[in-house]
Structures are given as structure tokens and as C-alpha cells.
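Novice: The chain contents come next:
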Amino acid sequence: MASVWVVAPVDRSGALHPASLELCTKARSLTEDVAVVAVGPGAAEAAGPLGDHGARRVWVWDDTAAHDHPGSAAAVVADLVAEHRPSLLLLPMTYDMRDVAGRLQARLGSTLMSNATDLLDLDRARTEIFGGTKIVDVALEGPEPRIVLVRPRSFEAEPVGGTAEVVECSSDLPELARAVRVSGRRAEAAAAAKLEDARVVIAGGRGLGGPEGFALLEELAGAIGTAAVGASRAAVDAGWVPYSLQIGQTGKTVKPDVYLAVGISGALQHVVGMKGAKRIVAINKDAEAPIMRMADLGVVGDLFEIVPRLTEEIRRRTAS
Amino acid sequence: MDVVVFAKYVPTPEGTPELGPDHLLVRDGGDGALDPGDTYGLELGLRLVEAHGGEVTVVSMGPAGAIAAVQRALAMGAHRGVLVTDPALRGADALATARVLAACLRRRPADLVLAGIESTDGYTGTVPVTVAELLGIPSVTAVRAVEVVDGALRVERQTEEGADEVACPLPALLTVTAGATEPRFPSLKGIMGAKQKPVETLALADLGIDVEDVRPTQRVVAVADAPPPAGGEIVDAEVGIARIADLLVEAKVL
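In order, the protein sequences belong to chains Z and F.
Going by this note's numbering, the first residue of the first sequence is number 36, and it counts up by one from there.
Going by this note's numbering, the first residue of the second sequence is number 3, and it counts up by one from there.
Calculated directly from the structure, the hints in this document are not laboratory data.
For lysine-lysine, the following DSS-like pairs were computed, each having C-alpha atoms within a straight-line distance of at most 30 Å:
no. : chain 1 : residue 1 : chain 2 : residue 2
1   : F       : Lys254    : Z       : Lys229
2   : F       : Lys254    : Z       : Lys313
3   : Z       : Lys310    : F       : Lys254
Listed next, the stretches of chain F that the computed footprint assigns to chain Z, with coverage defined by at least 3 CB atoms under 8 Å from CB atoms of chain Z:
no. : region
4   : 92–98
5   : 159–166
6   : 247–254
Just so it is clear, the structure is predicted and the values come from calculations on it, not from any experiment.
The C-beta atom is built at its ideal place from N, Cα and C for all residues, glycine as well.
Please model the entire structure based on the sequences and the hints provided.
Specialist: Following this line, the structure appears as C-alpha cells:
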């Protein structure tokens with residue numbers, strides 16, 4: 036029987052990336068033979084929930100090297116793949132897993148598809164292009180395993196109540212995988228988890244002009260109470276806020292009750308990360324910006340005037 | 003220090019992207035440009051050779067029209083250009099692209115290879131690390147600052163939580179964020195001078211690559227239109243502030 040594998044990253048706090056469980060659920064619909072390679076310190080504990088979501092076997096690389104040498108998990112996964120020959124390899128589309136997938140492709144000589152939103156078969160995946168205006172089905176060819184990076188929150192995770200066989204991996208990394216070494220760390224934001232669960236997301240883009248603009252959004256979020264602040268790629272790439280806040284094709288996918296886009300033009304990159312929101316509101320100085328076409332409510336004007344006044348209005352309403 | 007910068011020719015972001023009858027993106031419509039995401043790496047490369055000596059070579063793979071991206075990079079200050087163009091590369095996937103770029107680097111090795119985080123048309127974001135792995139050199143992604151210290155790199159890598167300080171030996175490949183540098187505009191002198199700079203145009207045979215090794219392994223089999231967004235109401239600031247607050251109340255989040 037064809038085997039489908041999921042690569043499941045465990046972050047520095049020991050948390051399993053939630054998309055790992057979504058991918059296990061999808062893998063189960065393609066085959067009964069689902070296995071996971073869990074990478075990062077804390078991977079051993081992740082085997083429980085992974086088994087519960089359909090993994091029959093979990094290879095555990097419970098090692099700080101996963102974070103100390105970025106991308107090094109590729110070497111571990113490549114060795115396992117060479118030995119066990121799965122047909123399909125699924126990874127959540129995150130910055131770190133993208134690096135792992137790129138290295139795997141070089142080692143395996145297999146096809147690699149990014150930005151997938153669905154798997155239709157062992158050799159067929161779906162994606163959306165042009166900002167989600169077109170749905171494209173792609174046949175995956177060439178040697179197995181085909182490698183697919185899947186956007187988080189493309190599927191619902193559904194537990195089935197199983198238990199996985201746990202196999203520990205050794206971590207005899209090749210020299211190339213150890214060549215790059217993290218020597219220091221700086222945490223700049225801790226609000227990441229909140230973003231994907233928040234009922235209201237307020238996202239800022241290039242129009243905010245700098246980190247100061249985001250302070251206005253934080254104030255507004257504070258006034259609403261159930262809101263979290265996110266950002267477009269333009270704002271993140273400029274270094275105004277950390278990657279953890281990025282919403283979009285590379286970045287987080289959010290589906291809040293209300294999405295408020297402030298100073299965001301609505302580039303295709305961004306739109307795919309937020310178009311699942313129940314209500315979309317945009318504040319932009321340009322009435323012709325693409326975001327205005329998809330917004331339920333578009334407000335044209337100077338965000339530096341509108342946002343503080345909106346914060347006042349909400350404080351006034353919630354006080355009474 | 004010799005630096006290679008990857009440059010992609012992409013359809014202009016202002017234009018409307020189109021698929022041809024073969025389900026491939028129309029890339030040679032003549033309205034393309036150097037991917038703005040590549041200009042940060044180019045600027046960083048130019049600054050490094052200004053400080054440490056050496057040359058910047060810009061390398062692109064694309065249709066014949068992609069020479070425009072190479073020329074733009076030369077006008078910004080790159081010293082020489084390479085364009086790989088071949089009918090067999092039409093519809094090339096990530097692996098084929100990486101194989102071609104790796105072959106260019108085997109032909110002319112560099113101390114440092116710089117690329118963007120991801121292209122502005124495809125957002126695949128995997129090609130640079132695949133190139134590095136094919137060459138057997140280390141790579142660091144999402145770099146926002148670089149120092150050369152004692153013949154090695156000390157870089158700052160943007161992460162989910164903030165940033166990492168990362169040590170990386172040379173030769174190496176880095177992908178560079180927009181936070182790293184402010185790309186310069188080409189001067190008139192730069193634009194005029196670009197025409198005199200050496201540009202090599204190569205086909206697959208020049209790189210010793212077999213057509214079989216770049217055959218696409220992904221094939222679009224169906225394209226459908228997604229339902230268009232309904233679109234809503236557009237109002238000015240005076241009306242808008244109260245309307246946003248109303249909408250938050252309706253959504254029961256206030």
C-alpha cells in the first residue's frame with residue numbers, strides 16, 4: 036500500500052505545529068498507511084496527538100539540533116525516506132518547513148509543489164493562483180516521493196483515537212547540515228498563537244509607514260478586547276514587525292469573524308491568508324485598491340486619522 | 003569577494019497575470035521587470051563588494067525578454083550578467099530551475115550567492131536552498147543583516163519569534179529580506195554604462211544539462227475560476243467610523 040508521510044515541526048517551546056494534525060487527517064483520506072516524522076525537542080510528546088489523528092508510526096527526532104542548525108531536519112527525513120520509500124511527503128507551508136522541503140528536493144530529486152490547498156490523490160494536488168481567483172489542479176510526476184508544501188488551515192484536524200508506534204531517530208547529521216549554527220536568539224513578539232484564534236484580526240500593511248503605525252493598531256485591538264494584530268508581507272519584510280504576525284500565502288491563514296485591513300492594498304500574496312474571514316473591513320486611502328473590491332465595508336481616508344477615532348468610538352460604546 | 007545574485011524576470015505586479023492555452027503563465031508579454039524582491043540581495047551584494055572588493059555577477063533564467071531584468075541589475079551596479087534561456091526551459095519547475103542555477107555556479111563559482119526570499123509571481127520560495135544543497139554549500143534564509151568576520155559570515159535571520167544570530171562559513175547562499183537594505187535607483191550613468199558590461203547568454207547545452215534533467219514534473223491538468231468576492235459598500239471616513247463600530251456589534255465581538 037502506498038505510504039503518505041507528514042513532516043511535523045515542533046517549535047522551540049515544544050509545541051507541535053497544528054497543521055501537522057490537519058495533514059495527518061488529509062493523509063488518512065489518501066491511504067491507511069500514514070506515518071509522521073516529528074522534528075524538534077518535544078517531538079516525543081507529539082507522538083500522542085499525531086497517533087490520535089491517524090499516524091500509524093511516528094519517527095521522533097527529539098533534538099535541539101532541529102533549531103540550532105536551521106533546515107537540518109532535511110538530512111534526517113532524507114535518510115528515512117531513502118530507507119522506507121513513501122509515495123508522498125506532506126509538509127506545512129511555514130518558513131522553516133519550506134527550507135526543509137527545498138533541501139529534501141535536492142537530495143531526493145523529486146518534484147516539490149508549494150502553496151497547495153488540497154490533495155486530490157497521491158499524485159495530484161490543488162492550489163489557488165492569482166490571489167485565489169483561479170483554482171488549479173496539478174499532476175505530480177517524476178520519482179517518488181512527491182513533496183508538497185500545504186498551506187496551514189487548509190483542512191480541519193479530526194481525531195480518530197489511534198495510537199502510533201513510536202520510533203526514535205538518531206541524529207548523526209552530515210557536516211553540511213551542521214555548518215550553519217545559531218549562536219544567539221532574540222524574541223520580539225509573543226502574540227503569535229493569539230493571531231490564529233482571535234475573533235477579530237487587525238492587520239497592517241505598507242500604509243502604516245513604520246513600527247509606530249502598528250502602535251495605533253495595538254491600541255485599537257486593546258479597545259476591542261477580542262482582537263489580535265497581524266501584518267502583510269510588506270510590513271514584515273520591512274522589519275517593522277516579526278514574521279509571527281505575517282498573514283498571507285507565506286505566513287498565517289486566519290479565519291476570524293471580522294478582519295480589518297489597515298493600509299493594506301490587497302496584494303495576491305496577502306489575500307489568500309485572510310479571504311476566509313466572515314466579514315472583511317478595509318481602511319485605505321485608495322478607493323481603487325484591490326482590497327476594497329473584496330471588502331464588505333471599505334472606508335476611504337487617512338488611516339492615521341481614522342484608526343484613533345475608531346478606537347475612541349469603540350471605547351465610548353463599550354463604556355456605556 | 004565574488005558575489006552572484008539571482009534575478010528573476012517577473013510580470014509587472016501592476017499588470018493582470020494570464021495563463022496561456024497550455025496553462026502556463028504568459029511570461030514573454032514584454033511587460034516584465036526585475037523582481038523587486040531580488041533587489042535587496044543585489045543591493046547587499048553591491049555593498050559587500052564595495053567594502054571587501056570583488057565583483058557582482060547577476061544570473062537569471064527566463065525567456066529572451068528576461069534580459070531586461072539583467073540589464074536593470076547591471077544599471078544598478080552589477081558588474082556582469084548571465085542569462086540562461088532555452089525553449090526546453092519553458093514551464094520549468096522548481097527543481098529544473100535549481101539545477102540550471104546550480105550549473106551556472108559550478109561553471110563560475112562564487113564566494114557568496116544572494117537571492118530573494120521568494121519570487122513576486124510564484125511565491126514558491128524553495129529554489130535558493132535547493133541550489134545550495136545541490137552545490138553542497140550552506141545556506142541561511144530570511145537574512146536581514148550580514149557581517150563578514152574573519153572570512154565567515156555572521157548574519158541575523160528573521161524567525162517566527164524575532165531574530166536569530168547565525169554563524170555561517172563561506173562559500174554560502176543567503177536569501178535576503180526587504181529589511182536588509184534600501185536598494186539604490188540606477189543613475190543615468192549606470193543605465194548608459196550597463197550596455198557596455200559583459201553579458202553571457204547561455205543555452206542548456208552550454209551548461210552541459212540534458213533536456214531530460216529539466217523536464218517539468220508538474221503539469222496543470224485543470225483550471226477553474228473561483229467564485230468572485232461579492233464586494234460591499236465603500237464609504238468615507240465620516241460615515242465609516244460609526245459603520246465599523248456597528249459591524250463589530252453585529253458580529254458580536256464588542
